Structure formats: C-alpha cells, structure tokens
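Asker: Just so you know, the protein sequences line up as chains A and B, in that order. Just so you know, we're using the working numbering here: the first sequence kicks off at 1 and counts up by one. Just so you know, we're using the working numbering here: the second sequence kicks off at 1 and counts up by one.
Please note that the accuracy of each hint is not assured.
Examples of chain B residues lying across from chain A (beta carbon under 7 angstroms, computed) [what the hints assert, rightly or not]:
id, residue
1, Pro39
2, Gln41
3, Leu43
4, Lys57
5, Ala61
6, Gly97
7, Phe100
8, Gln103
Here are the computed lysine to any residue pairs in the SDA-like style, where the Cα-Cα straight-line distance is at most 25 angstroms [unchecked claim]:
id, chain 1, residue 1, chain 2, residue 2
9, B, Lys57, A, Thr94
10, B, Lys9, A, Thr94
11, B, Lys9, A, Lys54
12, B, Lys9, A, Leu46
13, B, Lys70, A, Arg98
14, B, Lys71, A, Ser82
15, B, Lys14, A, Gly41
16, A, Lys54, B, Arg95
It should be emphasised that the hints constitute simulated quantities derived from the structure, not laboratory data. These numbers were taken from a predicted model, which means no experiment stands behind them. In this text, a Cβ means the ideal position worked out from N, Cα and C, and glycines have one as well.
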Amino acid sequence: GIQVEQSPPDLILQEGANSTLRCNFSDSVNNLQWFHQNPWGQLINLFYIPSGTKQNGRLSATTVATERYSLLYISSSQTTDSGVYFCAVEPRETSGSRLTFGEGTQLTVNP
Amino acid sequence: DGGITQSPKYLFRKEGQNVTLSCEQNLNHDAMYWYRQDPGQGLRLIYYSQIVNDFQKGDIAEGYSVSREKKESFPLTVTSAQKNPTAFYLCASSRTGRSFFGQGTRLTVV
Chain A
1 GIQVEQSPPD LILQEGANST LRCNFSDSVN NLQWFHQNPW GQLINLFYIP SGTKQNGRLS
61 ATTVATERYS LLYISSSQTT DSGVYFCAVE PRETSGSRLT FGEGTQLTVN P
Chain B
1 DGGITQSPKY LFRKEGQNVT LSCEQNLNHD AMYWYRQDPG QGLRLIYYSQ IVNDFQKGDI
61 AEGYSVSREK KESFPLTVTS AQKNPTAFYL CASSRTGRSF FGQGTRLTVV
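The whole structure should be built from the sequences, with the hints applied where relevant.
Answerer: See the structure below:
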C-alpha cells in the first residue's frame, strides 16, 4: 500500500517562530489532507489539498503532486498550535476518502 | 450544531466482552469511517461505509463489526476476538473529499 512519511517527527519552537512540516508519499494521490490533533485527541481538518497552494490565516499548505510531497507552513507560532500534525492521503486508484495517515509531527510551542 | 458525536468518551471493558461504540452525525454526509489510534502513532482504518446498508473492511477489520442502518449512525462493535482492543477510536464522515472527526472514545481493557 501507499507509504506516508512525515518529518520531522518532533519539533520544539519558541512562540513567534515559523516552521515547515513535510509529508512525502510513495504513489499518486487524489486526496491529501492535513489535520491538527489537539492534546485532548480531537482532530481538526486544516486543509484539503491534493495539489496547489492554500492559505488560512497563519497556516498555509502546498502540495506538489508530481513530486509526491506536501508542505505545511506555520507562521508566527502560538502555544495553541501545539499538538500533533498529521498528513493523510488517498491513493489515486481508490475512492471514498479511504485515508492512509502518516505518523505525525509532534509540535511543541513554548511561551 | 452540526457535527459528529461519539459516545461514550471513556469505556472500560472486561476481557471477553463485546462493546459497542456509538457514532452519530448530522452533517448529512454519505460516507462514514472508523479509525483506530495507538499511542504515538497515526490512525488506521477499521471499516468504512459509503452508503446506507453497505460497508467495507479497512486495513485492520479483524475483531470488529459495524452496521449502517441509518445515514446518521455508524456504530462499531469491538468483539472478544479483538486481541488488543485498548486504543483511541475515532469516527469520521466525509463530503467532497474532506474528512471531519468526532472527539473519540478511549477504550481500555481491564
């Protein structure tokens, strides 16, 4: 099956710093999403971005489908950005949003 | 409010018992999913359903069962055949490619 690798596995920042999280995937996809899991376990959908670039406030994401990677940018980080960030993909040959998740990037933002 | 509601939030099960986790959505989404998350890991797909009265196995379906009798509801039963059921269980629904999750149920075998 498709492989999803996220890097770095852990990231510690000071409040106000910027960061880039990376997601590499091993096959063509028709669905790619970024999620934030807060300390209570809730997953929040950040972006649906199978290709191209999107921005939402301090967050933006870029997926280069031909090169099989996606990047999540966090600018001016805040302590509330702490948590785990997951990339999830659906291979092109499947349907129904059957997502395969990476193992996540654990982000800690210190005050 | 529209959303996905999972209950209970915490569940304790004795070995050999079946337990059922509830998932209800009022988003009018056709597709619903169950995922399992173990500590420090990503989510793995257990079962999914794209339409009422139809569902398919995901990557780790052994020891689990589901039903989809109503569009709004997709309960998951963890059977005694599941050898290591202690985990965090997340229900999701999707529309136009975007997935939305409930708050999860933490199941512990005691």
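Asker: Against each hint, give a clear statement of whether it holds in the structure.
Answerer: Evaluated hints:
1. A hinted interface residue such as Pro39/B counts as satisfied when its beta carbon comes closer than 7 angstroms to some beta carbon of chain A; here the least separation is about 11 angstroms, so the hint is violated.
2. About 6 angstroms separates the beta-carbon of Gln41/B from the nearest beta-carbon of chain A, less than 7 angstroms, and the hint is met.
3. The interface hint given for Leu43/B holds, since its Cβ lies 5 angstroms from the closest Cβ of chain A, which is under the 7 angstroms cut-off.
4. With its C-beta approaching chain A no nearer than about 11 angstroms, Lys57/B sits outside the 7 angstroms limit, and its interface hint is violated.
5. Here the hint on Ala61/B is broken, as its CB sits about 12 angstroms from the closest CB of chain A, past 7 angstroms.
6. Nearest Cβ of chain A to the Cβ of Gly97/B: about 5 angstroms, under the 7 angstroms cut. The hint holds.
7. With 7 angstroms as the threshold, the beta carbon of Phe100/B comes within range of chain A, its nearest partner Cβ sitting at about 6 angstroms, so the hint holds.
8. Annotation: interface hint on Gln103/B holds; nearest CB of chain A at approximately 5 angstroms, less than 7 angstroms.
9. Taking the CA atoms of Lys57/B and Thr94/A, the gap is near 14 angstroms; set against the 25 angstroms cutoff, the hint holds.
10. In summary, the hint linking Lys9/B to Thr94/A is not supported, as the alpha carbons are separated by about 32 angstroms, beyond the 25 angstroms threshold.
11. With a C-alpha separation of about 34 angstroms, the suggested pair Lys9/B and Lys54/A falls outside the 25 angstroms cut-off, and the hint is violated.
12. Between Lys9/B and Leu46/A, the direct Cα distance comes to roughly 23 angstroms. Compliance with the 25 angstroms bound is thereby established for this hinted pair.
13. About 20 angstroms separates the Cα atoms of Lys70/B and Arg98/A, which keeps this hinted pair within 25 angstroms; it holds.
14. Distance check on the hinted pair: Lys71/B and Ser82/A sit about 35 angstroms apart at the alpha-carbon level, beyond 25 angstroms; violated.
15. For a cut-off of 25 angstroms, the pair hint linking Lys14/B to Gly41/A stands: about 24 angstroms separates their Cα positions.
16. This hinted pair checks out: Lys54/A and Arg95/B have alpha carbons roughly 19 angstroms apart, not beyond 25 angstroms.
The earlier numbered hints that this structure contradicts are 1, 4, 5, 10, 11 and 14.
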